[in-house]
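Trainee: Chain residues, written in single-letter form:
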Amino acid sequence: MSATLSVRGLRVDYGAVAAVRGIDLTVGEDEAVAVIGANGAGKTSMLRGIMGLAGATAEEIRFNGASITALRTHAIARAGIGYVPEGRELFPGLTVNEELLLGGRFLPREERAAKLEEIHALFPRLRERRNQITRTLSGGEQQMVAIARTLMTRPRLLLLDEPSLGLAPVIQDVVYRALAMLRRAERMPMLLVEQNAHRALDLCSRAYVLELGQVIRDDDSATLRDDPMIQAAYLGD
Amino acid sequence: MLTQQLLNGVLSSGVYALYAVGFTMIFGIMGVLNMAHADFGTVAAFAIIWAVSAGLAPIEAVLIACVVTLVVALLVERLALRPGRRFKGDAAIEMPLIGTIGAGMILQNAAALIFGNKAIVFPFNLRAFVRIGGFLASKGLIVSLVASAVLLALLEILVTRTGFGRQMRAVAQNRDAAEIMGINSERVILITFAITAALAGIAGCLVGLSYGLVSPYMAVSYAIKGLVAMIVGGVGSLPGAVLGALLIGGVEALTVSQFGSQMRDVGVFVVLMAVLAIRPSGLLRVPANR
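Residue numbers (my numbering), protein chains in the order written: chain X, 696 to 932; chain Y, 94 to 383.
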């Protein structure tokens, strides 16, 4: 099976501090993979490293067979990796629709309209709020915009960083239902970083456990969920 | 008499607005001041003087001025601004600030070396006056006000209505986020820089057209007026820059008529200080994050 994403020897250093110390990971075709770990384990740095945002070094990063190791961030995005960063990183002065059109600007007109329709079906709230400046949205709505504008780019892999962070459980449900729908309907490959390990393991079939910038476990979600050590450290029961 | 002075002020504010929007766009998208911005106007004006004196036709002179101005602007961007983008914090602001002050000095003195350090005659001028309802107005200033208004309207449409404008605003508001949306932010910055240089170049030529004279050091006073107009109007706001330019044009004309031309810049600075004291974010500051 050819991998959608394969990362070898990823390192991220902030001055003398190593945040990510040589990570190898793969996301298979049609696969959703979770990365769980405590605060400061290097999860966010890992995603930023893959996107070329963190001044990271890697032996090799391949996406759908082509090397993206040396590409700049916008070229990686255009190659088809959709990145939904921690804290959403919206454009504070744009409206919901402008954010979505920014994502869909390479699509032909009809396809863009169809995609917009699809996204409004996935997040009906965004249709109601389409002319609102994103700065004035609630946290959950902002998270929906962050995911939706990325989907407008028609990514072939989603990198998601803590999509449930800071959201009320009801809103977390909405976000995770949408992600599950994407899995069911489009078999969208995902690499999901999440502190909420329950949700991550429910959505993904496989997971990496990160500690101090290194992968310490790599196993099926079911196996990890039944592991007493993982339960004690990450599942809190 | 007062109305005549105000009319003069409004007429001269067109060029100030052209300079001011350039300052504000660069600050908006790059977060730095380009202190060599107004010098691009001088470069364009002197390129035309050179081309005409070399016997070229007016249209050829304009084309040469475009090329020369763009080449100079892209060199300044490459040498004085881009190195600062590798840094975060104070260095990212101070390096381009000092670098572009230096670039401006080099451009001014290069012009003085080649063309002499006195004001010289611009080959095209419209210094004649026309009568409008009992008031006198210089043809050149009318042309420059109309040209500025048209260019500023086109610029506003570009920024608020087009896909490229959306990319510009995205890069200005959150550069990393723009990159992860597949926007080549370096390219957007370069094109924006070229647009502002073109506006400054046109402004410089309009000065020559209106007053019939250009000097190697004229950029200094236009830079001050452009910067003050930007700050008074609200940094990052295009309509603010235009409003600031109108205010400064009017105040300047009134100061000259009431206190004499040696007081020209004093009125401008009084306005700057008053606005900074009463409304430090400017008259039309766009709320939060531009």
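Calculated from the structure, these hints are not laboratory results.
Fair warning: this is a prediction, and the values are worked out from it, not measured in the lab.
Careful, some of the hints might be misleading.
Claimed, not checked - Residues from chain Y that face chain X, not an exhaustive set, calculated with beta carbons under 10 Å: (1) Met94; (2) Ser146; (3) Ala184; (4) Ala185; (5) Gln266; (6) Ser278.
Unchecked claim - Footprint (simulated), chain Y over chain X, 3 or more residues, beta carbon under 8 Å: (7) 703 to 713; (8) 891 to 900.
Cβ atoms here follow ideal geometry from the backbone N, Cα and C, with glycine treated the same way.
Trainee: Give me the numbers of the hints this structure contradicts, sorted from smallest to largest.
Mentor: 1, 2, 3, 4, 7 and 8
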